[in-house]
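Visitor: Read off the chains here:
Number of protein chains: 2
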Amino acid sequence: MTATQTTRVTAEPGLPFVDVVREFNAPAARVYRAHTDPELFAQWIGPRRYSTTVERYDARSGGSYRFVQTGDDGARYAFHGSFHEMTEPNRMVQTFEFEGDPGHVSLDTAELEDLPDGRCRLTVHSTFQSVQDRDAMLAAGMTDGMNEGYERLDGLLASGGA
Amino acid sequence: MTATQTTRVTAEPGLPFVDVVREFNAPAARVYRAHTDPELFAQWIGPRRYSTTVERYDARSGGSYRFVQTGDDGARYAFHGSFHEMTEPNRMVQTFEFEGDPGHVSLDTAELEDLPDGRCRLTVHSTFQSVQDRDAMLAAGMTDGMNEGYERLDGLLASGGA
Numbered sequence: 001m002t003a004t005q006t007t008r009v010t011a012e013p014g015l016p017f018v019d020v021v022r023e024f025n026a027p028a029a030r031v032y033r034a035h036t037d038p039e040l041f042a043q044w045i046g047p048r049r050y051s052t053t054v055e056r057y058d059a060r061s062g063g064s065y066r067f068v069q070t071g072d073d074g075a076r077y078a079f080h081g082s083f084h085e086m087t088e089p090n091r092m093v094q095t096f097e098f099e100g101d102p103g104h105v106s107l108d109t110a111e112l113e114d115l116p117d118g119r120c121r122l123t124v125h126s127t128f129q130s131v132q133d134r135d136a137m138l139a140a141g142m143t144d145g146m147n148e149g150y151e152r153l154d155g156l157l158a159s160g161g162a
Numbered sequence: 001m002t003a004t005q006t007t008r009v010t011a012e013p014g015l016p017f018v019d020v021v022r023e024f025n026a027p028a029a030r031v032y033r034a035h036t037d038p039e040l041f042a043q044w045i046g047p048r049r050y051s052t053t054v055e056r057y058d059a060r061s062g063g064s065y066r067f068v069q070t071g072d073d074g075a076r077y078a079f080h081g082s083f084h085e086m087t088e089p090n091r092m093v094q095t096f097e098f099e100g101d102p103g104h105v106s107l108d109t110a111e112l113e114d115l116p117d118g119r120c121r122l123t124v125h126s127t128f129q130s131v132q133d134r135d136a137m138l139a140a141g142m143t144d145g146m147n148e149g150y151e152r153l154d155g156l157l158a159s160g161g162a
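In order, the protein sequence lines correspond to chains A and B.
112 is the number that the working numbering gives to position 112 of the first sequence; each next residue is one higher, with no gaps.
104 is the number that the working numbering gives to position 104 of the second sequence; each next residue is one higher, with no gaps.
Don't take every hint at face value.
Stated by the list, open to error - Pairwise CB distance ranges (calculated): (1) Pro-102/A x Ala-42/B: 23 to 33 angstroms; (2) Ala-42/B x Gln-5/A: 27 to 37 angstroms; (3) Ala-75/B x Thr-143/A: 41 to 51 angstroms; (4) Glu-113/B x Arg-76/A: 30 to 40 angstroms; (5) Gly-14/B x Thr-87/A: 24 to 34 angstroms.
Unchecked claim - Partial pick of chain A residues on the chain B-facing surface, computed with a CB cut under 8 angstroms: (6) Thr-53; (7) Tyr-57; (8) Ala-59; (9) Gly-62; (10) Val-93; (11) Val-105; (12) Leu-107; (13) Thr-109.
As the list claims (entries may be wrong) - Reference listing, derived: stretches of chain A covered by chain B, where coverage requires no fewer than 3 residues with Cβ under 8 angstroms from a Cβ of chain B: (14) 39-46; (15) 81-90.
Just so you know, these hints were derived from the structure itself, not from any lab.
Glycine included, C-beta positions come from ideal geometry on N, C-alpha and C.
Only chain A is shown next, with the shape it has when bound in the complex (with noise of 0.2 angstroms):
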């Protein structure tokens, strides 16, 4: 059986950080291919009620992105980044932008560490180009979003299926 996972998020008032750590049952190196591989990343990544649709993902140092998200509606939600740094197993630095509000991007770096008995800690540490771009993303429910996607990925790495 499986305890629930804690998800702590970090904002501090007038600057333009969020921080966040979350552990797994799983070693560093199957959070990253969870990650890297477009087939399982489409799998997880955000709330449960969308389905998503990777169309273009190079996950190597210099690639880029694409994925496109549906939702029950069919509403339909699109985002697309550069890949600046991918170090397998455990460090991971991109650009992030959600094309239905467009120029305004950021900065993610996600650190992966090994913990005792297979199990890992996340740690991304994500930059906006400004305290209100920072807060909007705050207020638009990244971290609910944020936390499902990682509900997800602990079921889909307990069924073996990443």
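Chain A is already provided as a structure; the job is to place chain B on it using the hints.
Guide: Below, chain B without anything else, positioned relative to chain A:
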């Protein structure tokens, strides 16, 4: 005769941003091209005492770049990043990392707007992953190097070389 241009740099205490405003005696399209054509870019980027070799420069949305600067004394400094968005002639969003201090990445948004009399204004908003990173970049002489680069670009534009 060309008047000396002023580079206005703003770096508010306690925030991880550097904002730069600079005008050029050339239309936005030519300044955009001087940023995106690797042969032109190599002729002006950085201080005069360095010569630049562009190793990779795929200046389109989703592309990446790497260039090396060699000083009079033979010292070499390498830089790389990804192009998140390149929209000719007025918007360039890219990541930047100095390989001498790996793991510290900035996200730079440059915007160009045409002004009367065939001039243009370049506005750059650089976002760092921490206030410390921003302050270290300023302390390392970012502003002087940028200024000198823009003076070289002035010369290149005046000579018709770009």
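Visitor: Would you mind marking each hint as holding or not holding in the structure?
Guide: To see whether the hints hold, each was checked on the structure:
1. Pro-102/A x Ala-42/B: 23 to 33 angstroms: The hint (23 to 33 angstroms, Cβ to Cβ) holds, given that Pro-102/A and Ala-42/B are roughly 31 angstroms apart.
2. Ala-42/B x Gln-5/A: 27 to 37 angstroms: 49 angstroms Cβ-Cβ, so the 27 to 37 angstroms window is violated.
3. Ala-75/B x Thr-143/A: 41 to 51 angstroms: holds (45 angstroms)
4. Glu-113/B x Arg-76/A: 30 to 40 angstroms: holds (32 angstroms)
5. Gly-14/B x Thr-87/A: 24 to 34 angstroms: holds (31 angstroms)
6. Thr-53: For Thr-53/A, the interface hint is violated, since the closest Cβ of chain B sits about 18 angstroms away, which is over 8 angstroms.
7. Tyr-57: violated (11 angstroms)
8. Ala-59: Where the cut-off is 8 angstroms and the nearest Cβ of chain B is about 12 angstroms from Ala-59/A, the hint is violated.
9. Gly-62: For Gly-62/A, the interface hint holds, since the closest Cβ of chain B sits about 3 angstroms away, which is under 8 angstroms.
10. Val-93: holds (6 angstroms)
11. Val-105: Check passed: Cβ of Val-105/A comes within 6 angstroms of chain B, closer than 8 angstroms.
12. Leu-107: Result: holds, 4 angstroms to nearest chain B Cβ.
13. Thr-109: Given a least distance of 7 angstroms, the restraint on Thr-109/A holds.
14. 39-46: violated (count 0)
15. 81-90: holds (count 5)
Hint violations for this structure: numbers 2, 6, 7, 8 and 14, all remaining hints satisfied.
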